[in-house]
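Asker: Single-letter residue listing:
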Amino acid sequence: MKFEEIESVWALQQPAKIGATELSALRRALRSQLNRRKRLLILAGCSMVFTLLFMQVLFFLNLRAMRVEEQWISFGRLMLHQTLSLVILLELVRIFLRHRRLARSRAESVQDVVSLSLAGVEAEMADYRLGRWVTLVLVAQSLASAYLNQPVTRVGWDAFALRAGLIVAVYGLIGLQVWRHYRRKLQPERERLKATLEQMRNSER
Amino acid sequence: MSDVVDQLFLEVYREHAGLVIKTAHAFTTNAADRDDLYQEILLSVWQALPQFKGQAKLSTYVYRVAHSCALNWKRSRQRYQSKVDRFALEVPDLTSSPGERERVAWLYARIQQLAPVDRTVILLYLDKLDYAEMAEVTGLSETNIGVRLHRIKQQLTALSGEASHEV
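If you read the protein sequences in the order shown, they are chains A and B.
Going by our numbering, the letters in the first sequence line up with residues 1 to 205, in that order.
Going by our numbering, the letters in the second sequence line up with residues 1 to 167, in that order.
I should point out that these hints are in silico values taken from the structure, not numbers from a laboratory.
Small disclaimer: the values here were computed from a predicted structure and weren't measured.
There are no misleading hints in this set.
Cross-link-like lysine-lysine pairs, in silico, DSBU-like; alpha carbons within 30 Å at most:
hint: 1; chain 1: A; residue 1: 38; chain 2: A; residue 2: 194
hint: 2; chain 1: A; residue 1: 194; chain 2: B; residue 2: 57
hint: 3; chain 1: A; residue 1: 2; chain 2: B; residue 2: 128
hint: 4; chain 1: A; residue 1: 38; chain 2: A; residue 2: 185
hint: 5; chain 1: A; residue 1: 2; chain 2: B; residue 2: 153
hint: 6; chain 1: B; residue 1: 57; chain 2: B; residue 2: 128
hint: 7; chain 1: B; residue 1: 57; chain 2: B; residue 2: 153
hint: 8; chain 1: B; residue 1: 128; chain 2: B; residue 2: 153
With the sequences and hints as input, model every part of the structure.
Answerer: Here you go:
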């Protein structure tokens, strides 16, 4: 028997292909990741709409209850809050539309799935980075409101300090959880996906 | 997301499943051992992928891990069984008919008669790797591979001639 015949026997073996089932499982996992972010964005948007409406109702309730605060101060606070909330809401809508475009992308291969996963993780990280500044603005706005509600010149530092402490503590706890999620989950995930994508691109060369 | 990455490693492996299956066939003589080695190589590949630096082709890297695993293979089910179970993999058949399967099995029987390192060299050669890649996988020099290949081809041809097979 010649060696060429041995080679022809060897060539009878077909290369193993990726099974459709496995790619479907990958797609499902990707969908689940993208849907989770979609739900978060919808929740954030609804909360913002609720806050917008609630603060208007609160403003009129305060007017009817004839609070000691000057009307123009109350109106100024409302406008500040409404403006901030509206800007955040518009940004959320923009992010949501971007996310929808990403979610509609087709993943025809494993590499596509990884690319989309990476894009999803990076978009989520960008949300959190933006959220950091939004949180600072909201903390500042809440502290200003607390100050106007309990002016230290009238009620002393204790009442204001209590409110301010609560605001900082609540936002601080939320921020800490988000920061942990960002550092411990999203950053390593992004690095892993980037490395894997790089491997796949190198293997194509 | 970690599920995605886990499955991704599985997919990366599966793109190169053929070479793992061929290695498992070449280094074992019965189905049970073949399954064990196949899964052990799979686990080694899965564990080694994060260390891949992208300096070589991914397929070459997988070859290296697979052949290193095959050469050092020992039966140690406990060490890897739990991790392999999560993949629930079955060894795919690379042939498309019983006749082909028989001819390929006959060829593997001849390859198994070679020395372990020679088995690696001939597998890489039959899978069309160039000398540089073969050297990277085996750790041998290209000259050494050339010499070995010449000898292996003769040996394999002789073994095929001796064997009374029906194809």
